[in-house]
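Given only the sequences and the hints, what does the whole structure look like? Please build it.
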Amino acid sequence: MKQTWFKLICQKEQLQLLGTLNGGQSFRWKFTEAEGDKKWIGVFSDHVWVLKQTDDCILYQVYGSENSEDFYNKLLSNYFQLNLDLKEKFAEWSSKDPIFEKAASQFYGIRILKQDLVENIFSFICSSNNNISRITGMVEKLAKFYGEKICELEDQTYYSFPKIDSLADDKVESVLKKEGFGYRAKYINQSAKIIMQEGGEKWLDDLKKLPYEESKSKLMTLTGIGPKVADCICLMSLGHLGTIPIDTHVYQIARKFYMPHLPKRKTVTAKIYKDIGDHFRELYGPLAGWAHTVLFCADLKKFQTDEN
DNA sequence: AATCGACCTGACGTG
DNA sequence: GTTACCAGGTCGATA
1 MKQTWFKLIC
11 QKEQLQLLGT
21 LNGGQSFRWK
31 FTEAEGDKKW
41 IGVFSDHVWV
51 LKQTDDCILY
61 QVYGSENSED
71 FYNKLLSNYF
81 QLNLDLKEKF
91 AEWSSKDPIF
101 EKAASQFYGI
111 RILKQDLVEN
121 IFSFICSSNN
131 NISRITGMVE
141 KLAKFYGEKI
151 CELEDQTYYS
161 FPKIDSLADD
171 KVESVLKKEG
181 FGYRAKYINQ
191 SAKIIMQEGG
201 EKWLDDLKKL
211 PYEESKSKLM
221 TLTGIGPKVA
231 DCICLMSLGH
241 LGTIPIDTHV
251 YQIARKFYMP
261 HLPKRKTVTA
271 KIYKDIGDHF
281 RELYGPLAGW
291 AHTVLFCADL
301 KKFQTDEN
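Heads up, the first sequence is in the UniProt record's numbering, so the first residue is 1 and it goes up one at a time.
What the hints contain is simulated information worked out from the structure, not anything from laboratory work.
Treat the hints with care, since some could be wrong.
Calculated cross-link-like contacts (lysine-lysine; reagent style BS3-like; alpha-carbon spacing at most 30 Å) [to be verified]:
1) K228 / K96
2) K141 / K171
3) K141 / K228
4) K178 / K163
5) K209 / K266
6) K202 / K141
7) K89 / K39
8) K216 / K141
9) K12 / K30
10) K163 / K177
11) K38 / K149
12) K177 / K30
13) K186 / K209
14) K216 / K171
15) K38 / K96
16) K163 / K114
17) K2 / K12
18) K144 / K30
19) K39 / K144
20) K89 / K74
21) K74 / K2
22) K163 / K30
23) K271 / K89
24) K216 / K228
25) K208 / K178
26) K89 / K228
27) K266 / K208
28) K208 / K186
29) K216 / K177
30) K74 / K39
31) K38 / K89
32) K144 / K186
33) K114 / K144
34) K266 / K102
Right, here's the structure in full:
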């Protein structure tokens with residue numbers, strides 16, 4: 001079967017796939033390179049996507065339905081939030097912060113993905129006190145055990161992210177525990193049950209309509225979701241782009257480069273959490289969460305080069 | 001309200 | 001080659 005290549009017009013300065021797909025926002029993208037042919041393969045919106053980037057467009061294949069290029073372009077455009085002019089924002093953030101300006105030249109085109117709410121809730125429950133490689137494996141297992149098969153591609157089988165009701169089944173906790181999810185097995189199963197009990201789809205729809213503070217509180221009624229994970233979901237799935245999730249890494253960067261007066265602690269306290277968020281919102285404005293993601297990405301070890 | 005220790009796991013890294 | 005601590009926090013108990 002030969003799959004069509006579609007094309008989405010998009011300048012390279014507006015979107016950098018490496019920093020965006022491999023920056024720890026989504027755990028479902030894999031980079032492959034064969035004979036100089038660079039591709040990203042991943043899953044979102046119940047489709048498998050193969051992406052290639054050129055200077056002025058994204059070339060892509062889609063598996064999972066038969067639809068028009070226009071239809072798929074809209075899905076991609078929404079996922080990458082291409083309606084926002086990132087060059088313009090980078091100029092603005094650079095003018096406000098010389099540290100950002102320095103990072104921006106190498107880390108152009110890093111976008112906040114607009115990700116599926118359910119996928120993000122359960123992916124980020126897996127993320128707490130955990131490392132990226134294990135989180136990735138856990139998310140893959142959730143899809144494999146409880147999602148729908150989409151297609152097979154290059155010796156791999158791809159699955160959609162599960163619906164909440166399948167994660168709410170009584171057996172889920174013990175299955176996941178056996179699969180190495182540890183104490184997060186219970187959080188996943190319990191949170192799914194709570195969402196179902198509180199109205200399922202309606203609970204999720206309401207979440208999307210609420211203002212930031214209320215969304216965050218509502219998310220924190222689930223198990224395994226504290227302030228940081230709730231903020232990740234608010235930022236990446238609910239469109240609250242001023243939200244800044246403060247993890248240990250962000251705290252280290254903030255203390256090192258921006259707020260040397262912060263006390264040295266091994267965990268982020270509520271006060272430190274608030275102080276850091278306020279500082280960056282003051283600095284960058286209403287899209288502070290997006291700006292912070294770029295900075296954080298620039299400091300990730302896997303993107304470090306000798307120039308930094 | 002703020003602080004502290006326990007917590008599953010190991011696809012990894014460091015000493 | 002092992003051991004110990006850590007990794008994109010959260011939960012429940014405690015002066």
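Quick rundown of the hints versus the structure:
1. Taking the CA atoms of K228 and K96, the gap is near 26 Å; set against the 30 Å cutoff, the hint holds.
2. At most 30 Å may separate the alpha-carbon atoms for a hinted pair to count; K141 and K171 meet this at roughly 15 Å.
3. Taking the CA atoms of K141 and K228, the gap is about 23 Å. The hint holds against a cut of 30 Å.
4. Note on K178 and K163: the hinted pairing holds, with a Cα-Cα distance of about 21 Å set against a maximum of 30 Å.
5. The suggested pairing of K209 with K266 is violated, with an alpha-carbon distance near 35 Å, which exceeds 30 Å.
6. As the CA atoms of K202 and K141 are separated by approximately 27 Å, the hinted pair is consistent with the 30 Å bound.
7. Annotation: proposed proximity of K89 to K39 holds, straight-line Cα distance about 27 Å (limit 30 Å).
8. Our distance criterion of 30 Å between C-alpha atoms is met by K216 and K141, whose separation comes to about 27 Å.
9. Restraint check for K12 and K30: satisfied, since their Cα atoms lie roughly 19 Å apart, inside the 30 Å limit.
10. Straight-line distance between C-alpha atoms of K163 and K177 comes to about 19 Å, which keeps the hinted pair within the 30 Å bound.
11. Using a Cα cut-off of 30 Å, the hinted pair K38 and K149 holds, with the two alpha carbons roughly 25 Å apart.
12. With a C-alpha separation of about 26 Å, the suggested pair K177 and K30 falls inside the 30 Å cut-off, and the hint holds.
13. For the suggested pair K186 and K209, the alpha carbons sit about 28 Å apart, so the restraint of at most 30 Å is met.
14. Distance check on the hinted pair: K216 and K171 sit about 29 Å apart at the alpha-carbon level, within 30 Å; holds.
15. Taken as a hint, the K38 and K96 pair is broken in the structure, with Cα atoms around 35 Å apart against an allowance of 30 Å.
16. With a C-alpha separation of about 18 Å, the suggested pairing of K163 with K114 holds against the 30 Å cut-off.
17. Among the hinted pairs, K2 with K12 is consistent with the structure: their alpha-carbon atoms are about 27 Å apart, no more than 30 Å.
18. Of the supplied pair hints, the one linking K144 and K30 holds, its CA atoms being roughly 16 Å apart against a limit of 30 Å.
19. Using a Cα cut-off of 30 Å, the hinted pair K39 and K144 holds, with the two alpha carbons roughly 22 Å apart.
20. Taking the CA atoms of K89 and K74, the gap is near 22 Å; set against the 30 Å cutoff, the hint holds.
21. With a CA separation close to 23 Å, the supplied pair K74 and K2 stays within the 30 Å bound.
22. Proximity of K163 to K30 is assessed by CA-CA distance (about 23 Å); at most 30 Å being required, the pair is judged to hold.
23. Note on K271 and K89: the hinted pairing holds, with a Cα-Cα distance of about 29 Å set against a maximum of 30 Å.
24. For a cut-off of 30 Å, the pair hint linking K216 to K228 stands: about 10 Å separates their Cα positions.
25. Proposed proximity of K208 and K178 is contradicted: the alpha carbons are some 34 Å apart, above 30 Å.
26. Between K89 and K228 the CA atoms are separated by roughly 25 Å; this keeps the pair inside 30 Å, and the hint holds.
27. This hinted pair does not check out: K266 and K208 have alpha carbons roughly 33 Å apart, beyond 30 Å.
28. For the proposed pair K208 and K186, the alpha carbon gap of about 25 Å is at most 30 Å, so the pair holds.
29. Of the supplied pair hints, the one linking K216 and K177 holds, its CA atoms being roughly 27 Å apart against a limit of 30 Å.
30. Of the supplied pair hints, the one linking K74 and K39 holds, its CA atoms being roughly 20 Å apart against a limit of 30 Å.
31. Among the hinted pairs, K38 with K89 is consistent with the structure: their alpha-carbon atoms are about 28 Å apart, no more than 30 Å.
32. This hinted pair checks out: K144 and K186 have alpha carbons roughly 18 Å apart, not beyond 30 Å.
33. About 22 Å separates the Cα atoms of K114 and K144, which keeps this hinted pair within 30 Å; it holds.
34. Distance restraint check for K266 and K102: the Cα-Cα separation of roughly 28 Å lies within the 30 Å cut-off, and the hinted pair is therefore satisfied.
The structure shown violates the earlier hints numbered 5, 15, 25 and 27.
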